[in-house]
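Could you build all of it, start to finish, from the sequences and the hints given here?
Protein chains: 2
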Amino acid sequence: MASATHLLTDELDIVIPTIRNLDFLEMWRPFLQPYHLIIVQDGDPSKTIKVPDGFDYELYNRNDINRILGPRSSCISFKDSACRCFGYMVSKKKYIFTIDDDCFVAQDPAGKPVNALEQHIKNLLSPSTPFFFNTLYDPYRDGADFVRGYPFSLREGVPTAVSHGLWLNIPDYDAPTQLVKPLERNTRFVDAVLTIPKGTLFPMCGMNLGFDRDLIGPAMYFGLMGDGQPIGRYDDMWAGWCIKVICDHLGLGVKTGLPYIYHSKASNPFVNLRKEYKGIFWQEEIIPFFQAAVLPKDCTTVQACYVELSKQVKEKLSKVDPYFDKLAEAMVTWIEAWDELNPTGPGAKLANGKAK
Amino acid sequence: MASATHLLTDELDIVIPTIRNLDFLEMWRPFLQPYHLIIVQDGDPSKTIKVPDGFDYELYNRNDINRILGPRSSCISFKDSACRCFGYMVSKKKYIFTIDDDCFVAQDPAGKPVNALEQHIKNLLSPSTPFFFNTLYDPYRDGADFVRGYPFSLREGVPTAVSHGLWLNIPDYDAPTQLVKPLERNTRFVDAVLTIPKGTLFPMCGMNLGFDRDLIGPAMYFGLMGDGQPIGRYDDMWAGWCIKVICDHLGLGVKTGLPYIYHSKASNPFVNLRKEYKGIFWQEEIIPFFQAAVLPKDCTTVQACYVELSKQVKEKLSKVDPYFDKLAEAMVTWIEAWDELNPTGPGAKLANGKAK
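First to last, the protein sequences are chains C and W. Using our numbering, the first residue of the first sequence is number 98, and each one after it goes up by one. Using our numbering, the first residue of the second sequence is number 98, and each one after it goes up by one.
FYI, nobody ran anything at the bench for these hints, they're computed from the structure. Mixed in with the good hints, there may be bad ones.
Stated by the list, open to error - Among the chain W residues that face chain C by a calculated CB cut under 10 Å, a handful are:
(1) F175
(2) P206
(3) P224
(4) Y237
(5) A241
(6) R245
(7) E281
(8) L291
(9) C302
(10) G354
(11) P385
(12) A389
Backbone N, C-alpha and C fix where the C-beta goes; we use that ideal spot for every residue, glycine too.
What follows is the structure in structure tokens.
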């Protein structure tokens, strides 16, 4: 596996949304320095973000986003970590690992530092098993396998599109739970990776996330959040609902569990409540919408699936709030921008230079 | 929790299928002695099974089963641990814990003996969350909760009907995997309990299993296996497919994960291959059948669901093998026998004496 990890240094970008100096990278140096970083600077573009010496990176601020996307930059959120998805769009690599700047290296129960990226790569390079549950969790891990009663026809699995990692210390709770349990810390290291079954939705957190850009990239849109929008902190949730419906439709896998990062800083629950409160109502209607969503058979690309989903959002969720009209349009704009920056077809690979 | 565990001594039976003296209970004494045992003796009824002193038990051999059930005893397997389900039928308690006689007390990573029954009780007394995946696993455990993005309307959960425990040391592999990996041992202690999502089937192992008899008992039929049957080692799998479809229909939960037991003895893979090989073919058709099975809305009791399922088995699986005709009939016989031994309606509780 070490060699596979090494191999991917040319095939993986690390995307970090931030408004401050990236001191947190010092702790990650042994694991992340070999990789290229795409830093998406949120907020005031005149501010300088310091990156520790030795890291290879490109940095985009709001002015860059506006210049590169022109009018389509409206689909990229401002003053919200949702802006990170711009980094997915300008990357030219096969894999993305995205991490928040308040996430540090976790330790396993033996006290060993956890190389989160290596585990994401393991998750992404081994298949998923969405059609039947394996009670010993990921059957492809060392020391595990498919248990008695697991159909042999399903043991090849399907390609893994997404690897969702977890968080020790500060758990990813909503504002009401933060308010009720201010002191709760996650200390339970669950040594498991598992495929989220087909037909099951999950709350995808963007804090510690790996994915295969070639397989699912165009659906990893983090929506319209933050400045000028009625909602925040639902960027990753939105992406999670969309990617799961599309992965299920296209026969791709989504894994959750390992790797852990150490999440250091609980965000302010009062601020969060203001950002979240419409989402807390809306998710009661959004989730049933996604649970019932069916994509037509002729949607065979991620882009086609995503545009179809945008139509269903407009049709079914606009009655919840006019915001969803705007979001549905932004979903289409996002795909247009993605396709412009990521042309396909003959010669596309050659033409596909860096956006900057 | 300790008091809840104590309380359940009057509400839980432990069902053990066996052909030998129950020396394995010595190791379990601190945890299991307060409970009543129902021992289902398989094989030669003239053999005497020794039970360690101090355990409270009733024991049924084949002669007892034939006497109690009369012609309906045909639905209880012989020379196969599937016979254990007779114990579920004659119990009058709300909860069942069933365990194999080659299962010993496991240790957690800190070296502490695992009280498997206590964990099953915790699993059964706390709700399940089948409609949406919680990435921090069981949200009702100490130190855990629902994560951001989990709909508040679903946080009450649903009643838990089944608690499926796992195995350290010898994993529950099929014969081909046993043959290919004779030395593989499960050493990974995954500190998690999770709900198997609605619509997802799983391979239920009967080695270390708890369930709520009132909620799902009549569906816990382990089928026709062993003596005179073309198949073995699919008893628990059959029950697992049936209970999951019925739990999904009735809005009940199925959990898997903790507790672990220490599984000491790998069964003979050559013998297992002979028992399993038809099942290895058949499961490729049986599982899609169960995945597609829909129960009508007017099936509101476990019995009604089970009889309906038996009709669908007859209709859809008989073409796989005539065995499924016989199995479908045995499913109906099982329900008739269950209802005879477990009358409901006015005065039923009073009339409900011990079967023996």
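Taking the hints in turn, this is what the structure says about them:
Taking 10 Å as the C-beta contact cut-off toward chain C, the hint placing W:F175 at the interface is violated, the least distance being around 22 Å. Because the closest C-beta pair between W:P206 and chain C is about 7 Å apart, less than 10 Å, the hint holds. Because the closest C-beta pair between W:P224 and chain C is about 17 Å apart, greater than 10 Å, the hint is violated. For W:Y237, the interface hint is violated, since its Cβ never comes within 10 Å of a Cβ in chain C; the closest pair sits about 13 Å apart.
Of the supplied interface hints, the one on W:A241 holds, with its beta-carbon coming within about 7 Å of a beta-carbon of chain C, less than 10 Å. Satisfaction of the interface hint for W:R245 is found here, the shortest Cβ-Cβ separation to chain C being roughly 4 Å, below the 10 Å cut-off. The closest approach between the C-beta of W:E281 and any C-beta of chain C is roughly 7 Å, which is under the 10 Å cut-off, so the hint is satisfied. Taken as an interface hint, W:L291 checks out: its beta carbon lies about 8 Å from the nearest beta carbon of chain C, inside 10 Å.
With a least beta-carbon distance of about 7 Å to chain C, the hint placing W:C302 at the interface is held under the 10 Å criterion. Hint status for W:G354 relative to chain C: holds, with the closest Cβ pair at about 8 Å, below 10 Å. Restraint check, W:P385 versus chain C: the minimum CB separation of about 9 Å is within 10 Å; hint holds. Violation of the interface hint for W:A389 is found here, the shortest Cβ-Cβ separation to chain C being roughly 13 Å, above the 10 Å cut-off.
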